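J.: Required output: the full structure, derived from the provided sequences and hints.
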Amino acid sequence: MSVKLLKRHRAMLVAGLAALALTIAAACGGGDDSTTAATTTTAAPAKEAAATTTTTTTTAAKTETKAATTTTAAKTTTTTATATTAKASGPQPVYGGTLRRYAFSQVRTPDPGHFDYRGAMPGWSQQAGYDRLLEYERPFDEAVGQVLTNEGLAESWKVDDKGTTWTFNLRKGVKFHDGSDFTAQDVKANFDRILDENWDVSTRVLIGFREFLTDVSVVDDHTISFTTDKPNRMLLNYLASRYGTHILSEGSISTADTSVETYPWIKQDKLNGTGPFKQTSFEPQEGWEWVRNADYWGADKDGNQYPFLDAMTQKVVGQKATQLALFQTNQIDVWEDWPILLQDEADALIKQVGNDKASYKAAPQGIYTVYHFNHTIPPFDNPKVREAARLAIRRDEQFGLAHAGVGFPARIVDHVQYPSYALSDAEFKTLPGTNPANKKAEQERAGQLVDEAGARGYKFKYVMDPGGLPTFDELMLVAIKSMRDVLDFQIDMQIQESAARTEDYRAGNWEVSTDARAISLDDPTGVYTLSFLSFSPHVGGRQWAYPGQEKLESLWELYRRTLDDAQAAEVTKEMERVANSPDFPWFHVGWFFSNRVYYNYLKNWNPGPGSMGGEDYKHVWMDKG
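Here the sequence shown is numbered in the numbering used here, starting from 984 and rising by one per residue.
Derived by calculation from the structure, the hints in this document are not laboratory data. These numbers were taken from a predicted model, which means no experiment stands behind them. Just to be clear, a hint being listed does not mean it is correct.
Claimed, not checked - Think about it this way: if two alpha-carbon atoms lie no more than 30 angstroms apart in a straight line, the pair counts; the simulated DSSO-like pairs of lysine-lysine are: (1) LYS1423 x LYS1556; (2) LYS1586 x LYS1607; (3) LYS1171 x LYS1145; (4) LYS1607 x LYS1284; (5) LYS1171 x LYS1213; (6) LYS1367 x LYS1556; (7) LYS1607 x LYS1303; (8) LYS1340 x LYS1586; (9) LYS1442 x LYS1367; (10) LYS1422 x LYS1367; (11) LYS1340 x LYS1607; (12) LYS1141 x LYS1155; (13) LYS1412 x LYS1422; (14) LYS1303 x LYS1340; (15) LYS1422 x LYS1442; (16) LYS1334 x LYS1586; (17) LYS1141 x LYS1213; (18) LYS1303 x LYS1586; (19) LYS1444 x LYS1367; (20) LYS1141 x LYS1556; (21) LYS1344 x LYS1334; (22) LYS1284 x LYS1158; (23) LYS1412 x LYS1344; (24) LYS1171 x LYS1141; (25) LYS1412 x LYS1556; (26) LYS1284 x LYS1340; (27) LYS1344 x LYS1607; (28) LYS1412 x LYS1423; (29) LYS1534 x LYS1145.
As the list claims (entries may be wrong) - For each label pair, taking beta carbons as the anchor points, the in silico distance ranges come out as: (30) ASP1548 x ALA1409: 15 to 25 angstroms; (31) ILE1478 x LYS1534: 30 to 40 angstroms; (32) GLU1410 x ASN1313: 44 to 54 angstroms.
The beta carbon of each residue, even a glycine, is placed where N, CA and C say it ideally should be.
T.: As structure tokens, this is what we get:
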């Protein structure tokens, strides 16, 4: 569907649906100076050996998934890094060049410990200057999903027989940008800051550490241990998270202001990391620059020392038109839109600059949408009405109509990032609204159920946020059309500011809501922990007990307590079966992909999954020859 048709489709829906009501009470939530042209130089000397990735395998005693409170003790397992002699295995990198990007808005701090989308440095920039203990394997393999590696600051790790004490062996010879040695004491200083209740943190990962970490101790200069209150499989994923776990030097921590009110402008020159690039300038309202760290410890499997680029620059450019103009005139090298870049738009942009000059790649954006029926008031207090709505709404049609195919009706556990933890294709096709072959029968059943409940022709309002993201409204409008056509529901379309909408939602003064989130899926249960469970940080005062919630929370407790991957995968699949039961009041819609447009001279660029930071530019090089 073209962008014009997409807009026309929305207009027709809005005009034609003059009577039905849904409270959409939860939605998500520059300059144009040119930059210097990139340069290319000859290859720099390569290191003779590099650490290869190895796989961590933990085993555990079998535990019945029915016993939701059972914990599993893992046997001590060690992951070690091995060395390999450099041997060319494919295209070899070219050293040199400056990669040029833009930021949507001014950045108040480059401190990786502070993350708010509009105020902190983007994830990809944080990854330029700072390393984490653990990393995800690059390039991202959709057949395998997210895989933890020892390509970070930790070379190996093990967990004790109780499953509560994790010991990490740290790399030796790693230097911070100021030349000081990286040690276990620096790691401890970072986690002491995270666990300090006087520091106001906002990300799920940092909050999670405070919930289950009981101790972080230095064993020796290159060994650190983490102790959890109980076995907790999320520790490893959280250590690899791009949201607040990058390592600063102890000196950076001791001189940094930790308060939200005052952090934006203080001691920016004292932030000292071990990453592949060094920050040379930072102007919150203008942009910033990173230059190659010639002493970086990392190398690829052929022994070529990271990074390959000479520098990276990012300018603050708030206007979409200006961003596009910069890309069209080759003043930036990569462009992406927020929240998603439609395929039609990507195709048009590439045609403008030349099909032989640019390409695009689609990556999971970490943005999901759900509908939430207010089961505490009529008619959705009737399980038959909730089931009827589920049967009427076509997940297999929504993304094609609303997003020109950029996304997919998905399992709640994202089957791209975590394929082994998600429902199989065959089982997913048995869920309502997922299989076109079942459409007629499902709609007939929906009509029967709504008639039995006496709710056919129900009238309610649909509240839209004038400042909301239109892509999410598109999904809701398609759902509304389905419920109108099958159930004869009527809609009254209204506009309401976000603050008033949220107030009504907290008070329970709503009927159906949309919940759209942009998240980094640090573990397969990310959606549940953000929105479905009673402690979810994004629900605030908006959560009410609902059918199936207790069972979901019991399963989630079992999931995080087992260190056996196969068992954990069975638990997440059972969680999804519960969340897709006929009368469950939460209805998962799908996931977004976002296209990233780039010039073809960028090589080895493989944007990974996740929103706001799924890219790692130490692997990228430029080849303009």
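J.: Between LYS1423 and LYS1556, is the straight-line Cα distance small enough, at 30 angstroms or below?
T.: holds (27 angstroms)
J.: Please verify whether LYS1442 and LYS1367 have alpha carbons no more than 30 angstroms apart.
T.: Distance of about 17 angstroms is within 30 angstroms: holds.
J.: Against the 30 angstroms threshold, does the CA-CA distance of LYS1344 and LYS1607 hold or violate the hint?
T.: Measuring from Cα to Cα gives roughly 20 angstroms; hence the hint holds.
J.: Going straight from one Cα to the other, do LYS1171 and LYS1213 come out at no more than 30 angstroms?
T.: holds (20 angstroms)
J.: For LYS1344 and LYS1334, compute the direct alpha-carbon distance and say whether it is at most 30 angstroms.
T.: holds (15 angstroms)
J.: Would the pair LYS1607 and LYS1303 pass a check requiring their Cα atoms to be no farther apart than 30 angstroms?
T.: holds (27 angstroms)
J.: For a C-alpha distance cap of 30 angstroms, please report whether LYS1141 and LYS1155 respect it.
T.: holds (18 angstroms)
J.: Going straight from one Cα to the other, do LYS1284 and LYS1340 come out at no more than 30 angstroms?
T.: OK: LYS1284 and LYS1340 at ~29 angstroms, within 30 angstroms.
J.: Is it true that the C-beta distance of ASP1548 to ALA1409 lies inside 15 to 25 angstroms, as the hint says?
T.: holds (22 angstroms)
J.: Please verify whether LYS1171 and LYS1141 have alpha carbons no more than 30 angstroms apart.
T.: holds (18 angstroms)
J.: Measure nothing beyond the straight line between the CA atoms of LYS1340 and LYS1607; if it is 30 angstroms or shorter, mark the hint as holding.
T.: The given pair, whose Cα atoms are some 11 angstroms apart, holds under the 30 angstroms limit.
J.: Using the C-beta atoms of GLU1410 and ASN1313, is the stated range 44 to 54 angstroms upheld?
T.: Given range 44 to 54 angstroms: holds, Cβ gap about 47 angstroms.
Hint violations for this structure: none, all hints satisfied.
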